[in-house]
Amino acid sequence: MNPLPHTALAAPVITTQPPQIDYALLAPLLVVFAAGVIGVLVEAFVPRPRRRAVQFTLAALALVAAFVLTVVRVALLPAGGAGLTVASASIAVDRPTLFFQGTILVMAIASLLLIAEHRHGESAFAAQAATVPGSEEERAHVLAGSQHTEVYPLVLFAVLGMLMFPASNDFLTMFIALEVMSLPLYLLCGLARRRRLFSQEAAVKYFLLGAFSSAFFLFGIAMVYGYAGSVNFAVIHDTVAAGGAGALPGGGPLLLLGIALVGVGLLFKVGAVPFHSWKPDVYQGAPTPITALMASGTLVAAFGALLRVFYVAFGGSVAEWRPMMWVVAVLTMVLAAVVAVTQRDIKRLLAYSSVVHAGFVLTAVVAASAEGLAGAMFYLAAYGFTTVGAFAVVTLVRVHEGGAESGDIASWAGLGRTSPVLAGSLALFLLAFAGIPLTSGFIGKFAVFEAAVSAGATPLVVVGVLSSAVTAFFYVRIIVLMFFAEPAEARPRVLRPGRLTGAVIGVGVVATLVLGVFPGPVLDRLSPAPGAGTAEAQSVPGGFATTADLFANR
Amino acid sequence: MDPMNYIVLAAIVFTIGAVGVLVRRNAIIVFMCVELMLNACNLAFVSFARMHGNIEGQVIAFFVMVVAAAEVVVGLAIIMQVFRTRRSASVDDANLLRH
Amino acid sequence: MELYAPIFVLGGIGAAFVVVSMIAGSLLGPKRYNRAKLQSYECGIDPTPQPVGGGRFTIKYYLTAMLFIVFDIEVIFLVPWAVHLDALGVFGLVAMVLFLVNVSIAYAYEWRRGGLEWE
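Read top to bottom, the protein sequences are chains A, B and C. Residue 1 is where the first sequence starts when you use our numbering, and the numbers rise one by one after that. Residue 1 is where the second sequence starts when you use our numbering, and the numbers rise one by one after that. Residue 1 is where the third sequence starts when you use our numbering, and the numbers rise one by one after that.
Treat the hints with care, since some could be wrong.
Output of the computed footprint for chain B on chain A, the stretches with three or more beta carbons under 8 Å from beta carbons of chain B [claimed, not checked]: (1) 125-137; (2) 200-212; (3) 395-407.
No wet-lab data here; the hints were simulated from the structure. Beta carbons are placed, not taken as given, at the ideal position from N, Cα and C, and that holds for glycine.
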């Protein structure tokens, strides 16, 4: 007997055909995953003294190989079309995917160099995380030179999640990617060598708030599934276009609720106001190399996912979600900029700066156009390089030789006279954050604001420009402090950059300048050529019928 | 019985969990409330799967259970760590970062 | 009704096994009592007196619970596969073997690093 007589229920269809999987298109993900798994085996079987070298080599090789495979995959994409989907359309391999994955991998390699940096046998991570801070046991481990090489597999798993997150073409894959990305990061946050109580507290905060937000994300997915009867982005798009699914007529409120809750989950990962409260605490408490990874890789991945969800799945309901994004973007740009002015700790300041930048990228999301997508992509890549470089500088300024990092901005006074090269690089990064011409930050801001204006969001751009002015004030204040103020009484000790850290800062400087002075080749590639869309879409400016056509989704 | 009732139940359970996260102070209980929210999601998925007559929702429920278990492991590890340091699992005691 | 017959038979066998093994144990097992054996729980935490504050589980229980969960939850994927074993064919088998290999690697890590030792 059917317990639900009034609902017409079809028998669930279970396909018995094994799925066709094009492993070449998934190769970078598989390489990173395999390296992570081998890393766990290394932890289990390789003797302690050799682990660090083996783990670092393995992780570096895997990330470089994944990057090469990502570049090679560009050739596998069909010319003209948006791209391909793999594994029963659960992963989309298209131009945005490849760009985001490539960016994430470069950021991950840079962060990996910072993670691997050692001084006198000490890394940025706790000798033995299981010991109680300040205990005899901890001291014994520090003296014995223990180290957590588990960090490397954890980073690889986090990077795997980041690679999957912007490539997911259905909500189930996206949710799994979100968790694969977040769970290792929660652990990594709590592993700082110095100020371990801060670090552990940051981990608890990040974990509880992250789990809370992912529950919202999941409930949002449930609502969207209730509306569309599927979690596949293309199916959701079609259902929205058709005005609802047959099994559940009148499901409009479900869709709205779903959009809002999914938005909460994604905006939390992005760190937009009012879901930003974790960011300053976590950025400050986490080991600085991990902060660099989160500030670059996680942000890029989260925005990639946000763009895909709102452009493909909810591409037909732009009118519904645009007001929400407007409010969030304005709040983010205004509140974060104001609060940032009062910060005294460099890592907290960079965290608030990251929140403000998320607001700028959101103006491009609001545009809901090909230009918006291209602008956001350029902005994220440019910001990623700059922020990794800035955090690399932070790792070098210590309270004393072999001590904790000197986060207090006041103690950085006069740094420009004692270490001009380091202070000069930081000044360049800060100018790029502020969006001064000839840096990548300027081009990025120009691209996103231009996209927003051409989509009719001029008031948003006005707010953005004002917010830029406020943030420029505190960036310039630091530069003035470093170059024109008398050195502070308790001057911090500036460590000589090791080869790895030096390389990261150098790459940051070069990328910031090159993308600022010669942005053309990158920007042209990101901006879709006129008429690149489908034939019937020619009537629409930009050549695309809907934002969903910018991505592969079928 | 109308399957929509289950959706309403899921929404109520989800809300109880969310309120619990916001008002309870013990990290373990906060964490249990998050698990309650995830289970509410599962109920919603399975009910919607019944309404739509496809199994996608049931499959998702499986994955959510696994993710919840993984989250339990990571969460307990982090909370345990802090507990050993402070001898307390209260969220309010963790306030070094509050400015 | 005969649809449920195997279940009743299985339940009967299970109950008989319990009864038989308890009787066999009391008849055949050696009886050398000491103080530890006369406590209500022969192993695990002491039931009385309760420590101040109602008593808490030691952290080792959480550790064990966490390790247990990892290997417990994999069944969630094994059951649907087992139910549809025929239809999923070689692809399903290979996928499941790969999954189990991954879980075993986590197990190897745990074992080699002393996660299974109870001090």
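Hints and how they fare:
no.: 1; hint: 125-137; in the structure: holds (count 4)
no.: 2; hint: 200-212; in the structure: holds (count 10)
no.: 3; hint: 395-407; in the structure: violated (count 0)
Hint compliance for this structure: hint 3 is the single one not met.
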